[in-house]
Amino acid sequence: MKNYLDGGEAILEAFRKLKIDYIMSSPGSEWSPIWEALARQKLDNKPGPTFVESWHETLAVNMATGYTLMTGRPQAVLVHAGVGVLQGSMGIHGALQNEIPMVVMSGESQTLGEDPALDIEQQWYGGLTVGGIERFVEPVAKWARAVTSPHTLYESVIRAGEMAQRVPKGPIYLNVALEHMLHDWTPPAAAREVPPAPTVRPRQEDVAEIAELVRIAKSPVIVTETAGRDPKAFSALEEFADLLAIGVINGRVNAYANFPTNHPLYLGMGRYKALDQADLVLLVGARAPWYPPRRRPTSGKIVAIHDHPLKEHMVYQNLHADYYLEGGGSVGPASTTAMLRSCVPSGRRRRTGAPSIRSRSWARSAR
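Residue numbers (the numbering used here): 1 to 367.
FYI, nobody ran anything at the bench for these hints, they're computed from the structure.
Every residue gets a Cβ at the ideal spot worked out from N, C-alpha and C, and that includes glycine.
It cannot be assumed that every hint is accurate.
[To be verified] Cβ-Cβ distance ranges computed for the label pairs, FRET-style: (1) E121 x E53: 58 to 66 Å; (2) D276 x Q317: 18 to 26 Å; (3) E114 x T50: 17 to 25 Å; (4) R295 x W35: 14 to 22 Å; (5) E121 x W55: 39 to 47 Å; (6) A257 x E121: 21 to 29 Å; (7) W35 x G132: 19 to 27 Å.
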């Protein structure tokens, strides 16, 4: 084992700073510097991520996706060069569409055996090195680039992890040359602790404006598709709907458990008939609720509540939104519904009698 630190240690230390729990991997031989760094981590009893190997690249990416969906914490994925990235591209694309933050990496060779001072295996010359695999990954990732040098490697990985967690969240891909990982590395003299991504909240005056719409609405309805991604949002949405007796519909492309299906205010999945008479629709965490998209489901106002309502990865999108309430980061629906709850005057709540009447009406329509 080498007695100096190299690029593999730089990558592993960056993962530690990003508080990554697991390295999901379907690896090739380019990751031997990482394996050596992991061995040093174990020998030195240092805390750090656990290496999990799988037999397929898509599985590695999907394990990272599932872990992040369960915990909210982004993970790292290391895949084999060339075709390994292409094998995993379906999972990367899924992570992009579902806004799952992660750092995905693969390696290539730059010298291809022509550096007499560096013994590079022949397969890198024979076809594994595509020559800029990030070109193939760009369409299915939030951002994809090659690390420029061994001297930028550590901070490039840190930056990738930070970028992945910013709205819109998504997979960041780095192409890391094998030569960069084999190069010696000196840790920064004063390595910073990487702060968590900040939670961006909507302006109070915007929340107050939407709260006023809720206050004066005679027949509001909530439509949601992804609120349940955050357990806090699930609870906040239930509390908000129950407080004001607003019926809740799971949207057309519902992907999560967003609202209790045994709740008297639950109106079912895709049952848009309830919107015919709605004078206000609160669209909580939705990307494609109406179909055909040209069809506006109500003559009432539509409010899109999400930290990232307009999806740049979609070729077309029409929410028919009259108002947007954006912000909240990972707890977007939770923070916005909580803020709405605090802004709605007490005269709008159950003691007025109107919500109770609505609640009975929704209960009948849900049968």
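Now for the hints, and whether the structure bears them out:
Checking the proposed 58 to 66 Å range against E121 and E53 shows it is violated: the Cβ atoms sit about 20 Å from each other. A hinted range of 18 to 26 Å holds for the C-beta pair D276 and Q317, which are about 23 Å apart. For the pair E114 and T50, the beta carbons lie near 37 Å from each other, so the given range of 17 to 25 Å is not met. For the pair R295 and W35, the beta carbons lie near 55 Å from each other, so the given range of 14 to 22 Å is not met.
Taken as a hint, the range 39 to 47 Å is violated for the pair E121 and W55, whose Cβ atoms sit roughly 22 Å apart. Checked against the hint of 21 to 29 Å, the pair A257 and E121 fails, with Cβ atoms roughly 48 Å apart. Between W35 and G132 the beta carbons are some 25 Å apart, a value that agrees with the proposed interval 19 to 27 Å.
Consistency with the previously given hints fails for numbers 1, 3, 4, 5 and 6, ordered from lowest to highest.
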